[in-house]
Each structure stands twice: as C-alpha cells, then as structure tokens.
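Use these hints to put chain B onto chain A, whose structure you have.
2 protein chains.
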Amino acid sequence: MDTTANSRAGGSPLDLLDITSAPGQENSLSPAVTDGPGGGVDFSHGDVEAFTPIPAALDRYQRAYADGDRFAYSRYRGHREIREHVAAHVGGFTGRPVDPATEIIVTPGTQGALFLALSSLVAPGDKVAIVAPDYFANSRIVAYLRAQPISVTLNYEDAASPGELDLDRLESAFAAGAKVFVYSNPNNPTGVVYSAEQTRGIAALAARYGASVVVDQLYSRLIYGTTEFTHLRSSGIGTDRCITLLGPSKTESLSGFRLGVAVGAPNVIDRMEKLQALVSLRAAGYSQAVLETWFAEPKGWLDERIQQHQQIRDDLLGIFAASGFEVRSPEGGSYMFPRLPQMSVSAEEFRTSLRAEHGITVTPGAEFGAGYEHDIRLNFSQQRDKAVEAVSTLCGLATKLAR
Amino acid sequence: MDTTANSRAGGSPLDLLDITSAPGQENSLSPAVTDGPGGGVDFSHGDVEAFTPIPAALDRYQRAYADGDRFAYSRYRGHREIREHVAAHVGGFTGRPVDPATEIIVTPGTQGALFLALSSLVAPGDKVAIVAPDYFANSRIVAYLRAQPISVTLNYEDAASPGELDLDRLESAFAAGAKVFVYSNPNNPTGVVYSAEQTRGIAALAARYGASVVVDQLYSRLIYGTTEFTHLRSSGIGTDRCITLLGPSKTESLSGFRLGVAVGAPNVIDRMEKLQALVSLRAAGYSQAVLETWFAEPKGWLDERIQQHQQIRDDLLGIFAASGFEVRSPEGGSYMFPRLPQMSVSAEEFRTSLRAEHGITVTPGAEFGAGYEHDIRLNFSQQRDKAVEAVSTLCGLATKLAR
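Chains A and B, in that order, give the protein sequences. Residue numbering for the first sequence follows the working numbering, beginning at 2 and increasing consecutively. Residue numbering for the second sequence follows the working numbering, beginning at 2 and increasing consecutively.
Some hints here could point you the wrong way.
[What the hints assert, rightly or not] SDA-like, lysine to any residue: derived pairs with alpha carbons at most 25 Å apart:
no.	chain 1	residue 1	chain 2	residue 2
1	A	K387	B	R71
2	A	K128	B	P14
3	B	K128	A	A124
4	B	K387	A	R76
5	A	K300	B	G69
6	B	K387	A	D68
[Stated by the list, open to error] Derived CB-CB ranges, DEER-like:
no.	chain 1	residue 1	chain 2	residue 2	range
7	A	W302	B	P98	46 to 52 Å
8	B	T53	A	G301	36 to 42 Å
9	B	E358	A	A205	52 to 58 Å
10	A	E158	B	T53	25 to 31 Å
11	A	D100	B	T53	31 to 37 Å
12	B	T240	A	A67	39 to 45 Å
[Claimed, not checked] Residues from chain B that keep clear of chain A, each with C-beta distances beyond 12 Å, as calculated:
no.	residue
13	G93
14	F94
15	P109
16	A114
17	E158
18	S345
FYI, nobody ran anything at the bench for these hints, they're computed from the structure. Where a beta carbon is used, it is the ideal one built from N, C-alpha and C, also for glycine.
Bound-form chain A, shown alone:
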C-alpha cells in the first residue's frame, strides 16, 4: 500500500538518504531502548546534564513567555533586539562588524542555518566543494539539492603534524566550476582547527574564482591550549562571499532550545529569510530570547568549560593511546575520531556489540564520508568518570577482538 509516494517522487535524493545511523537516531535501531541515552554513555551527542546550559537561559525564556505577545511572534529573521545583541557580540568575536538589520538571521538550530545557506546558494546541477571528512549533513544537503559534490581532502591522520586542507584540490574544485565551498572549523569530526594561513588561503581562492564560502563555526568558542582560531570573515574575504554559521547548542549546551544564526552577505541572508518563510517561519519566539545569555555568560564560565573539556579529552586520548588506537588530539570542539584497530568482526558488528552489551553509542565514521568506515566519532562532552569508563570498555572490547 505504501508505494504511492515513492513512485511519485521517483529519483528523489530523499530515497537514497539513510538516517538510521545518523547522530541522535541510533536509538531507533533497537526499539526496546528509550529515547534517552540508556544505561551507558551516548557519545553521539553531548550530555547536557554533565555540561548544563548557560545559567540564565531558562530564566530568560520564562521572562519572554511572561512578556506574551511581543515574544511569541517575530519577523522571520528573528526579533530585532535579539539580532542586535547577537550581531554586536558576533561582530566582536569574529573581528568584523555585523549589521543587525541586514547581515544576520536567527534559525531553528545551526542545522537550519546550514540548510538555508546552501539552499540559497546552490542550484540543481551546480558543483559544490566539500571537505572529507566533514559534518555528514554537508554532502547530504548537496545531494538533496541535486548538486554535484567535489571532495577536498583534509589531511588529519598524521597526529604529529597540523591538520591541513589540500588547497591545491580546493583550487582544482574552483577551477572545475565549483561556486560554493562549505566546511566546518573546528572540523567535525576530527577537531582540526585550520591555521590562519590556511584560512587566508581559502579566502584568497574564493576571491580569485568568485566563489561563496559557507563556514560552520559551531565549535569556535571551544578551542584548547595555545591553538589560535582564525575567523574566515575577517581573513580578507569579501562581505558578499562569506556566510558564517554559529550557534549556542554545543559549548553552551543550549541544544534543547534549537537556536542557530547565520551572519554575512546581505543578499544571501535575504534569500535565507525567504526560504525560512516556507520551511519553518522562524526560530521559536520564546527561545530566541535565550540568545541574550549567549556571549554574556558569567565571568570565567566559558574558561572553566573549556578546561573541563580539555581534561576529558586528555583522559580519553591517554586510554586510546595505551590501547594502540590511532587518534588525533582535537584542537577545538568536543569530537574525537579514532580509527578502530584490525578486528575479527566488522566495524558495524563492533558498534552493535558495544551498544547491545554495554549501552555505549558512537557515531559510525561512514557518516562523514567514504573511506572512514573504520573510524568512529565520539562527542566527549560527557560526565568525565563515565566517559573514561566507557572508553576503557570500548578499548577493552576492541583489544579482545583484535587480530
């Protein structure tokens, strides 16, 4: 009976899209497990109990609700006063002013911003440069838009050297006609932070070839040690070429409010607002108010959060290293992307055992591109002791199954 829709939109990229293993969806694989993370550790996303939201968030939400009519609805691109707050802070943070009237849109999550930005820039048949490995939705949205991805390699495997995007490959992609480049920085899933030189290189190539760049900087406030983060939008790229995506879902743990922003080229922001009018109208009106707590956290709050993540990172890296795993130390963000050792079972069987026997969920590497079937992604924004125990269990199982 269920053939109508499939035959109707035959050939739709949606038919090819498998989301059962996508982050957050793993629980749909085994119906007996509840929506929550279960008994073990769910490394597919951060634990907002281990790292709680910005303290004032719920209070700000309640005040918006009490304010009634004024906050329930907004212009599609977001409440004016919220755009003004975010523009001022993001302008300072990224090193280039943001006009709250024309250069910013508030979206339902950074995912919403990514979908709107790519949909506004990419037409069917277009070529789009994407990074391998990178956030799984980049290639999926490109496929959904019936555009053609051109893969640009991020060399990250050599843990002793800085991660490097292959800029020659990026130039080849532009030369071959790609007019859009999308990438995450810090990179999801490897935690590579692009150097100032690499970032300026991307800006220069975009200018030379007249391309637009969408950069997902969702994790750019969670940078470790002496690593310096360079914002693309203040690296010599034209204002009409760059869209920067940010949001408070990760470092700030405001994920349950579903908030994201895009800042940049006014003509692209306009198009994104038009599409948002069709897709979702606006980010939830009361939620938008919570953005007033963003970049306005209590003194020392962010530093402490970074330090706590760095400790967990170092703990887990130590366990992986002791077990002989290849894994790079993330310079930013809360993901690590270890490679599984040679085992007597497949990577899929390993992940299934890990989940069924120990309640530990990880995201399959294949979600981030072809060739990463033997990698797994862990979001280490977790309770430190539980994460340590779970990674010890994971390494023990891998060692037991090694061949």
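The following block gives chain B in isolation, referenced to the frame of chain A:
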C-alpha cells in the same frame, strides 16, 4: 557587490518570492515600528495575551528542561512518549487510529509539517492542485519545488450559501495529471468549513485518480455553532493517500513554542523525517514536551475559548455589515476575509494609511491568490474591545474614502 548569489542561483523561485507583506512581516515595512504589534491592533496574527496558552504549558516546559539530557535531544520525528500522547488524542479526534511509531512526526510548527509533506510528495515539474483562495504558503512552496500549481476554486463569496469547492475543477486537475492536492480546512482565509459530502468527494476523487492529499487542519478544533467538522482521514481515503497537518499554535495559543504535527501515510512520514534531518533536525526538544498539554486542556477550557471567539466574530461581522462590507461569517478558525468597498485610493494605500495613522495591521488579500487584491484578512483572535474599536476605525476610514 551583492550580485554573486543572485547570479549564482539565477532562476531560483526564491528570487520571485516577496515576503515583505507576508503575515508577521508587515513590521519590516516601516523600520520605526518595533517587532511587537505596536499601539493599534495587529490582525496579521492572533494576540497571545488576549488568548493565553494552555495553562500548564510553561510548567511542562520547565519540567522538561529540569529533566535535562532526556528532553534536549530526540529522534528526528520526536520524543516517543510525546508521539504516543499525540497519536492517541489525534486518533480519537480524527476518528481513525494513529500508530505512534510509523504514522506521526513532530515538526517545528505546522509550517514545518507543510513544507516537509509537500517536499516529500512533489518532484520538479509535477502538477499540484491547490485551492483559491487558500493559505499563502501552499502556492509558494509548490513554486519553490518547481512544480506547477493547478488552481481549484472555492466558491465562498455568496455569504448566504455554504462555501463550496468546485469538485469538477478538482477532478479536471487530477485528470490533467495532478498527483497531489493540498488544502486547508477550515479554509484560511475565509473560514469556510467543508461539508461531509465535499470531504467524501475529495477522498473519492483522490482514490479514483491515485492522488495524495495534504490537508491542513490547523484550525479544526475551533468550530462554531452547529457546524460539523469532517476529518478527511476518516472519510474513506486510503491510509497511503492522506497526510493531516495539525498543531497547537492557533486555538491553543502555543505559537511561541513552534510545534506542529503531521499524521498519516507511513512512507510519507519516513520521507518527511529524512528531510527534517537536513532542514532542522527536530522540533526544539523541551518544546515537544508541551504537546502533553494539548488535547488535555482543563475541562471547559476549549468550549469557553470557542465561545469567546464566536462573540468577537459576531461583533465584527455586525460592524462590517453596518458599513456595507461584503463578508462571509467564518464557520471555523479565527480569520475573516472582507472585501474592501470601492474607494478613491488603492487597497494598498488604504492598508498603508490604516497602519500609519491608526496602528492597525491587516494581511493583504493578494497573499491568498490572484484576484483577491481588494480583500483583507483579519485574525480576530484579539482583545474583544480593541478589535471592535479597530474594525470600527477601519470601516470609518473605508467609508470616508468610498466613492
């Protein structure tokens, strides 16, 4: 400098889409006015201070927030326990059971559900039957999907007769190849409620021609007097043919939480979830919990709300009638769609004066289709006395400008 994106995606339907006059956007026309409804009455949407959210809504939200990790994230189609609550109630309400595992998805607003449903059913070049007049986004989404709309007339102008969809035209559309029909019931903007006979007629035609039907029943709990509401999904249509859109944003005033649901054909719900994974991931995790207050309102709460809306409706109809306006009495929902009299100024100039001089905002009829340039839509979910005063002002201005 801003030519890049436009030339990039040249020919995109987004270029043709003007949203400045779309409901909720009017305030962007005059920058001096704040995002709020200003001093007058904003008839472009309901006033959630006049009609407040379901009493337990904020409390339920706070409990979800306190529950931490379990509610921040969910499967893309929504938390299981929330789907179970909504499925049970919507099954009873619509007269046909809903399987919470396969037949329901929670979306960011009913707008989200509409976009996902049409995107899942319609491919470029397809023909789609839509109603004139109807909710402005229907035709816009069809255009965005590069599909071809076929307009089916709703005869509503004769206020003394029941509103009637031209079923012969609908059959012609199906015969011409339309495989999808989308409509709202109660109709937005006229308030027409389709009879049982008309609804069964739609179901029979869909079956005969193998078409899918998306019905937006956002207002189906706000039905006046002796009018009977007939649910399409229990009117003899195949389960694989029908998607029903519902949400608590209107009658229940939960608009600030951005929640909608779609129920129906499992294969379409699957496709909608895949697309939601790209567009927005999920409705905000904490907001989803608020759906537990839906269809679980205090005893008498809904009846009182309906009665209050009916009083305002009757007050406004009286004022319009006394001023010689043509307007139909809505049988459901909180919209009315009066036709402006012949005036010495254009409809646009009239609306501009109304807004600039009296702070009264209405939605232009042109938003609902070609040929409605002299109509205006009013959402009368407002404070009764303020609405009466504003409509008196509106009628007075129209009379002064009549010729």
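Exercise. Among the hints numbered above, which are violated by the structure, and what are their numbers in rising order?
Worked result: 10, 15 and 16
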